[in-house]
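*Asks:* Okay, here's what each chain looks like letter by letter:
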Amino acid sequence: MTTETKNLPKKDKESLKPPPTVEPINHEVNAYEVDRSPESAAGQEFSRIVMKQEAETGGLNLPEHRTARRLRQTDVLHNQQRHGNASTQRLISQRQRLGTGNIGHLQLHPEGADMSIDPTTVAEEVSQPARQETPSTPAAVDTPATPTTAPPAPASPQAMSMSQAEKVLQDSFGTVHKIVPGNIVLLDGRAAVWAKYDEVCIRLGCTNSKATPPRPWQNGDAQVVSPGLEGFADSGIVYVNKQTPLITATAHEMLHNNTAAGFRGAVGETINEGSTEYLAIKALNAAGVATPGGATAYPGQVAIVTKLIKVVGEGTLTSAYFGGADTLIDAYNTLQGSKAFSLLKPAAEALNTAVTDILLTPPSVEQKIAIVNSLLNGWVSDTDLDHIEMVVNSASGDKAAIATAIQPRIKELWSIGQRTRLRVILGTV
Amino acid sequence: MKDELEQLAHEAGELAQQVMSGAGEKAEQQQAVQALDDRLTALQGEVEGNSGHLLKWQEARRYLDVAQMVLRPHPETIPQQARRLSHEAFALAQQVAEGQADATTLDKARAIDEQMPALQANPEELTAAERLAVETAVTDAQLDILYVLAEGKAPTSIRLFHFLQNRGS
Numbered sequence: 087m088t089t090e091t092k093n094l095p096k097k098d099k100e101s102l103k104p105p106p107t108v109e110p111i112n113h114e115v116n117a118y119e120v121d122r123s124p125e126s127a128a129g130q131e132f133s134r135i136v137m138k139q140e141a142e143t144g145g146l147n148l149p150e151h152r153t154a155r156r157l158r159q160t161d162v163l164h165n166q167q168r169h170g171n172a173s174t175q176r177l178i179s180q181r182q183r184l185g186t187g188n189i190g191h192l193q194l195h196p197e198g199a200d201m202s203i204d205p206t207t208v209a210e211e212v213s214q215p216a217r218q219e220t221p222s223t224p225a226a227v228d229t230p231a232t233p234t235t236a237p238p239a240p241a242s243p244q245a246m247s248m249s250q251a252e253k254v255l256q257d258s259f260g261t262v263h264k265i266v267p268g269n270i271v272l273l274d275g276r277a278a279v280w281a282k283y284d285e286v287c288i289r290l291g292c293t294n295s296k297a298t299p300p301r302p303w304q305n306g307d308a309q310v311v312s313p314g315l316e317g318f319a320d321s322g323i324v325y326v327n328k329q330t331p332l333i334t335a336t337a338h339e340m341l342h343n344n345t346a347a348g349f350r351g352a353v354g355e356t357i358n359e360g361s362t363e364y365l366a367i368k369a370l371n372a373a374g375v376a377t378p379g380g381a382t383a384y385p386g387q388v389a390i391v392t393k394l395i396k397v398v399g400e401g402t403l404t405s406a407y408f409g410g411a412d413t414l415i416d417a418y419n420t421l422q423g424s425k426a427f428s429l430l431k432p433a434a435e436a437l438n439t440a441v442t443d444i445l446l447t448p449p450s451v452e453q454k455i456a457i458v459n460s461l462l463n464g465w466v467s468d469t470d471l472d473h474i475e476m477v478v479n480s481a482s483g484d485k486a487a488i489a490t491a492i493q494p495r496i497k498e499l500w501s502i503g504q505r506t507r508l509r510v511i512l513g514t515v
Numbered sequence: 274m275k276d277e278l279e280q281l282a283h284e285a286g287e288l289a290q291q292v293m294s295g296a297g298e299k300a301e302q303q304q305a306v307q308a309l310d311d312r313l314t315a316l317q318g319e320v321e322g323n324s325g326h327l328l329k330w331q332e333a334r335r336y337l338d339v340a341q342m343v344l345r346p347h348p349e350t351i352p353q354q355a356r357r358l359s360h361e362a363f364a365l366a367q368q369v370a371e372g373q374a375d376a377t378t379l380d381k382a383r384a385i386d387e388q389m390p391a392l393q394a395n396p397e398e399l400t401a402a403e404r405l406a407v408e409t410a411v412t413d414a415q416l417d418i419l420y421v422l423a424e425g426k427a428p429t430s431i432r433l434f435h436f437l438q439n440r441g442s
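First to last, the protein sequences are chains A and B.
455 is the number that the working numbering gives to position 369 of the first sequence; each next residue is one higher, with no gaps.
301 is the number that the working numbering gives to position 28 of the second sequence; each next residue is one higher, with no gaps.
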């Protein structure tokens, strides 16, 4: 996508050139008018947001008169360069949310279309800001913004660019894990993926064993033997179809490069792929990118992982994904029984949902209290406290009830350190 | 009571694991499930008042439910079949990548390959999500089969790439 600039004077066009690594957010942002009433609560909130943003950015160059101000594209791009797409997205969304009455208005025009200055069209584009709520897929091309040319509307959804994917993942999971992009190459359509596969096979001297009789690999073979080819890997590089209908593709593949060593083997393909796609969807949604059904991968696996999260809690899954599978398996077995994960893994691998549904029924709060009580019976080790923490953190809604039930038992602990830790776990400090 | 429940949960878990693995005689396993079920049912009234006992009883019940569900005859759906075959193809590709392929590996890969077309023969019978699942499984399997048939001298599927990456290869 490209931010519309052709109506701006040359000086502004020059100032719009972003550094190569900056990509515009996924909206055609026209200059827009903001009328506000400082006396109103919404107007004050709006002012607070703008002032906070201005303080963070060093200023958005907004005029200060009371009844109107114009945020130009230079300001949008400036904010993007300084604070990234997510920050800019939030600012625009905030203004759009306030865009009722005379508080604030955002003019959005169709992606790829020329920006209109016709008052009627402008009024329509201002009055229908819902498009902002369900943004279309971000541009996939990992190239600098080209502010002087609006690209044609994409014919189909595309994978995110590498830098966009890295940013949305870092924004969502950066506090848990520093995202490493890895070597991913986005190829322009399935034909390009077939061609690259052919190229690699010919270079490697592959034999096409599916030909009769088998013969050396030649151009065109990939399309015949793998008509649905969306990606493959060679020499440490992952090749992915940029034109994939799966909006999460780039983020998904990038997440794989960040999974804890051994996670895949320990939890199996289903939970690994389901977790990867679940986290990719979560990151994209957090960045304001919609992930409609049919535009995401591994729906069956994601459904299983979503149920698993209802048992162990999302925090446990996320920390296991980036830090090691042991915590996930340990938490799950604490909640469902010591042999439960050894049954869940093969059932999930077979996508046997009749069995996974049995194993993924979350324990009730009464059962959780019983588990914690059993862990507190007899001599209590630090590992027992680890397990209690897993139970308590498995669902935030149950925490208060567990704390109320368990609090009287804190004094039974001999160690003052353990008593303090249990209070912290229960949130009663 | 506590020890008895611990023992029941242990036996039920072991049985469920065995049933899940596909090993053993189904008739014997069904008898074992029934025997454990009877023992559990007999204890049900006694565990109601004790939350710790109830918890262990419920654990045993869960394992038995799994065993019963797996033993229940049910036809394999197309997505399940696609998933199973894809998983088998992936396992063969892992063997080749780790230099553990044997004389039967290529034949097994060809046998899986021959079953692929039937999976996508009647897409109208599948939901959109099922079609996507089948297509993904088949495409992954095709790449792994190509890799096996080329005895490792071919590009890998992305999943095999990550498998090897995690192994430090």
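Any given hint might turn out to be false.
Said to hold, decoys possible - Straight line, CA to CA, 30 Å or less: simulated DSSO-like cross-link-like pairs of lysine-lysine:
| hint | chain 1 | residue 1 | chain 2 | residue 2 |
| --- | --- | --- | --- | --- |
| 1 | A | LYS431 | B | LYS299 |
| 2 | A | LYS264 | A | LYS368 |
| 3 | A | LYS425 | B | LYS275 |
| 4 | A | LYS497 | B | LYS275 |
| 5 | B | LYS275 | A | LYS396 |
| 6 | A | LYS396 | A | LYS425 |
| 7 | A | LYS425 | A | LYS485 |
| 8 | B | LYS426 | A | LYS296 |
If you're looking for bench data, these hints aren't it; they were derived computationally from the structure.
*Asks:* Each hint: holds or not?
*Replies:* Right, here's what the structure says about each hint:
1. A/LYS431 / B/LYS299: Distance of about 21 Å is within 30 Å: holds.
2. A/LYS264 / A/LYS368: 17 Å, holds
3. A/LYS425 / B/LYS275: 18 Å, holds
4. A/LYS497 / B/LYS275: Answer holds: A/LYS497 to B/LYS275 is near 25 Å, not above 30 Å.
5. B/LYS275 / A/LYS396: 29 Å, holds
6. A/LYS396 / A/LYS425: 19 Å, holds
7. A/LYS425 / A/LYS485: 25 Å, holds
8. B/LYS426 / A/LYS296: 15 Å, holds
Checked against the numbered hints given earlier, the structure satisfies every one of them.
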